[in-house]
Amino acid sequence: MSADQIFSEAARQLRQIAADSHFRGDPVAAGLGATMVVASSTEFSIEVTTSLALELESVRLPHDLARGVSYCEDVSQEVGAVLTALRAGCVNARVQVLAAVGGGSASV
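In this note's numbering, the protein residues as written are 271 to 378.
The hints are simulated quantities; they were obtained by calculation from the structure and are not laboratory data.
None of these values were measured; they are calculated from a predicted model.
Don't be surprised by glycine CBs; every beta carbon is placed ideally from N, CA and C.
Among the hints, erroneous ones may be present.
[As the list claims (entries may be wrong)] Cβ-Cβ distance ranges computed for the label pairs, FRET-style:
(1) H292 <-> Q366: 27 to 35 Å
(2) S278 <-> Y341: 16 to 24 Å
(3) D296 <-> A336: 20 to 28 Å
(4) E313 <-> N362: 19 to 27 Å
(5) T354 <-> R294: 18 to 26 Å
(6) D296 <-> S272: 32 to 40 Å
(7) A289 <-> P332: 34 to 42 Å
(8) T354 <-> H333: 22 to 30 Å
(9) A369 <-> E343: 35 to 43 Å
(10) S346 <-> S272: 22 to 30 Å
(11) D296 <-> L335: 32 to 40 Å
(12) H333 <-> L353: 13 to 21 Å
(13) A281 <-> T312: 24 to 32 Å
Based on the provided sequences and hints, a complete structural model is requested.
Encoded structure:
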């Protein structure tokens, strides 16, 4: 997902929560938790989803993961790289969203 897509989704989630007259709680925290970010690998069939609340939602791995030890090692290294990049992107987006809504900086 691009940064613009992430910010658009976060804004949509926050607007939806703000419009709910029955919502109780912290709308910013709820908006961050509802904003899902997806990253994938171009080399393997890997897809990772997490929220801007930095909670891992899902990890999709190749269906043929067990075909060999070296393949499994390659996939695990790629999953690590995807997770690292996704976390860095989410931390950056989270900080920018919190700054935009006046929530200050995020603790990560």
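Among the hints numbered above, which are violated by the structure, and what are their numbers in rising order? Hints 2, 3, 5 and 6 contradicted; others consistent.
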